[in-house]
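Position chain Z relative to chain E; hints supplied.
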Amino acid sequence: MKASFDQIIQDPRPVVVDFFATWCGPCKAQAPILQSFASEMGDAVRVIKIDVDQNPEVAQRYGIQSIPTMMIFQAGNVRYRQPGVHQKEQLKQLVRPYLA
Amino acid sequence: MNKKYDVVVLGAGPAGLTAGIYLSRARQKTLILSDGPVGGQMILTHEIANYPGVESISGYQLANIMKKQAQSFGCEIIANASIQKMELMSLKKSFVLDDGTRIESDAVILATGGRSRTLGVPGEAQFKGRGISYCATCDGDFFTDKEIVVVGGGNSALDEAVSLTKYASKVTIVHMLDAFQASQHAIEEAVNHPKIDIRMETVITAFHGEESLQSVDLKQLKTGETEVFKTDGVFIFIGYVPNTEGFDCCLDLNERQEIVVRTDLSTNVPGVFSAGDNIDKLYRQVTTAVGDGTVAALTAIRYLTEQKK
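Residue numbers (our numbering), protein chains in the order written: chain E, 1 to 100; chain Z, 101 to 409.
I should point out that these hints are in silico values taken from the structure, not numbers from a laboratory.
All values reported here derive from a predicted model rather than from experimental measurement.
Check each hint, because a few of them may be wrong.
Think about it this way: if two alpha-carbon atoms lie no more than 25 Å apart in a straight line, the pair counts; the simulated DSS-like pairs of lysine-lysine are [to be verified]:
| no. | chain 1 | residue 1 | chain 2 | residue 2 |
| --- | --- | --- | --- | --- |
| 1 | E | Lys88 | Z | Lys103 |
| 2 | Z | Lys192 | Z | Lys168 |
| 3 | Z | Lys167 | Z | Lys246 |
| 4 | Z | Lys330 | Z | Lys319 |
| 5 | Z | Lys192 | Z | Lys330 |
| 6 | Z | Lys104 | Z | Lys409 |
| 7 | Z | Lys319 | E | Lys88 |
| 8 | Z | Lys246 | Z | Lys266 |
| 9 | Z | Lys129 | Z | Lys409 |
| 10 | Z | Lys185 | E | Lys92 |
| 11 | Z | Lys246 | Z | Lys330 |
| 12 | Z | Lys330 | Z | Lys381 |
| 13 | E | Lys88 | E | Lys49 |
| 14 | E | Lys88 | Z | Lys168 |
| 15 | Z | Lys167 | E | Lys88 |
Next up, chain E with everything else stripped away, as it sits in the complex (with noise of 0.2 Å):
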C-alpha cells in the first residue's frame, strides 16, 4: 500500500484523498459524498480512500490526528489539509485551481 499511495499522489491531476476509518460516523456519512463528487468529476482527479487502520503509516506519516480528514495533492505536494465532512461543492471548489 505505501509504495502505491506514494505512487498515486504523484499523479499530475489534484488527488482527493479521504482518511477515514470504519467505526466512525462523519466518515460514513461523506463516503456517499465522496462517491458522487467522484463520478461527477470523471478523470479529471483522482478520489482514494485511506483506511487509517488498515494503512497506519500513511496516517501518521500525515499526522492524521482527525478523521476524516481531506487532504488534496498533486504532482507529490500538498494543497490542501483540513478535517470534518466535506461537502460535494467545497470539493469542487477546492479541485479547481488544480485542474488542466
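Relative to chain E, chain Z alone:
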C-alpha cells in the same frame, strides 16, 4: 424545477427526522432539507445508551433507523444540499437550491441544530485535526499513550475526559471557573480518576507546535500566572453554538442567538416552527430533540389545518 410541499423541515438531526416521521404519518407532504449529512451531531456519538427503548446503539445507526422510518411514511429527504436562498417571512415559504430547484411550502420547521463552540484563541484553527479535536469518539484513538488536555467543565467535558483515559496515559482537565457545571456522578468519576489531573480557574491562551500541536499556554486566572504546558492533544468541550445564521433577519433570537419559541414551538413568524438544539432551552439531548421534533410537527399540523379552514 418547482416542488411543492406542505412542510419543509430544515435539518436532518433527531429533531428534524422526528418531525419528518410525525408529519408524513399525518399525510403532510414533507421534505427534510439539510446542508449536512443525515443524523446531525448524533453521528459524532459512538454509543448512545440513554435513548429509551434501545439499550445501546451508535449515533450513526440510530440516525439511519430514524431516516428509514421517515421515508417509510413517504417523507422525502435531501441531505448535503446547497441552499442558495430562503424566504421565511411570506405566507408561502420558499427555498432555492444551487441546481436551480425551487421549493415551496406552507410551513417550515427549523431544526438546524448546533455545532461545537471553539475557544477562539491563536493557533486553534491551525492545529484543528493536528492535535486539537472536538470529538472524542472520532479522534481519541489517535492519542493512545499520549498526554492530553480536556477543556471544559460540563457533563460532556467530564464524561469525555473519563472516556479518553481508555487511550491517553494522562488527562488534564482545564476549566475556567472555580466549580464544575456537571452532575455529581460525573464530577466524582473525573475527580477520583487516577489518570486525571484538574486545573481550575485556568484557560488556554494559545496553541503552539510545528506540524502538529506540541504545547499550550495556560493562564491561571486568579494569580495571572502563565505557563507553557506540553501536550500532544487538546479536546475542547465547551458547549455548542446554534446554527441560526441568517435567521436574525426575521426571527426573534435571544442573546445566545438561539431561536425564541413558545411552548408549542411556534416562533414569532407565522408558519415557522423550530425544534432541537437551535432553540432557547436548557437541555440538549437526542431525547429532547426527538420531543421537540414531535411538538413542532404537531403544532405545524394544527397551523396547516387552521389555514385551510
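Status of the hints after comparison with the structure:
1. Only pairs whose Cα atoms come within 25 Å are accepted, and E/Lys88 paired with Z/Lys103 is accepted, the gap being roughly 22 Å.
2. Taking the CA atoms of Z/Lys192 and Z/Lys168, the gap is about 28 Å. The hint is violated against a cut of 25 Å.
3. Distance check on the hinted pair: Z/Lys167 and Z/Lys246 sit about 38 Å apart at the alpha-carbon level, beyond 25 Å; violated.
4. A distance of roughly 14 Å separates the Cα atoms of Z/Lys330 and Z/Lys319; the hinted pair therefore holds under the 25 Å criterion.
5. Between Z/Lys192 and Z/Lys330, the direct Cα distance comes to roughly 56 Å. Violation of the 25 Å bound is thereby established for this hinted pair.
6. Restraint check: the Cα-Cα separation between Z/Lys104 and Z/Lys409 comes to about 20 Å, which is no more than 25 Å; the hinted pair holds.
7. With a CA separation close to 41 Å, the supplied pair Z/Lys319 and E/Lys88 exceeds the 25 Å bound.
8. Restraint check for Z/Lys246 and Z/Lys266: satisfied, since their Cα atoms lie roughly 11 Å apart, inside the 25 Å limit.
9. Restraint check: the Cα-Cα separation between Z/Lys129 and Z/Lys409 comes to about 18 Å, which is no more than 25 Å; the hinted pair holds.
10. For the proposed pair Z/Lys185 and E/Lys92, the alpha carbon gap of about 20 Å is at most 25 Å, so the pair holds.
11. Pair hint Z/Lys246 plus Z/Lys330 holds up; C-alpha atoms about 11 Å apart against a cutoff of 25 Å.
12. A hinted pair counts as satisfied when its Cα atoms are at most 25 Å apart, and Z/Lys330 with Z/Lys381 does not qualify at roughly 38 Å.
13. This hinted pair checks out: E/Lys88 and E/Lys49 have alpha carbons roughly 16 Å apart, not beyond 25 Å.
14. For a cut-off of 25 Å, the pair hint linking E/Lys88 to Z/Lys168 stands: about 23 Å separates their Cα positions.
15. Under the criterion of a C-alpha separation no larger than 25 Å, the hint pairing Z/Lys167 with E/Lys88 is consistent with the structure, at around 21 Å.
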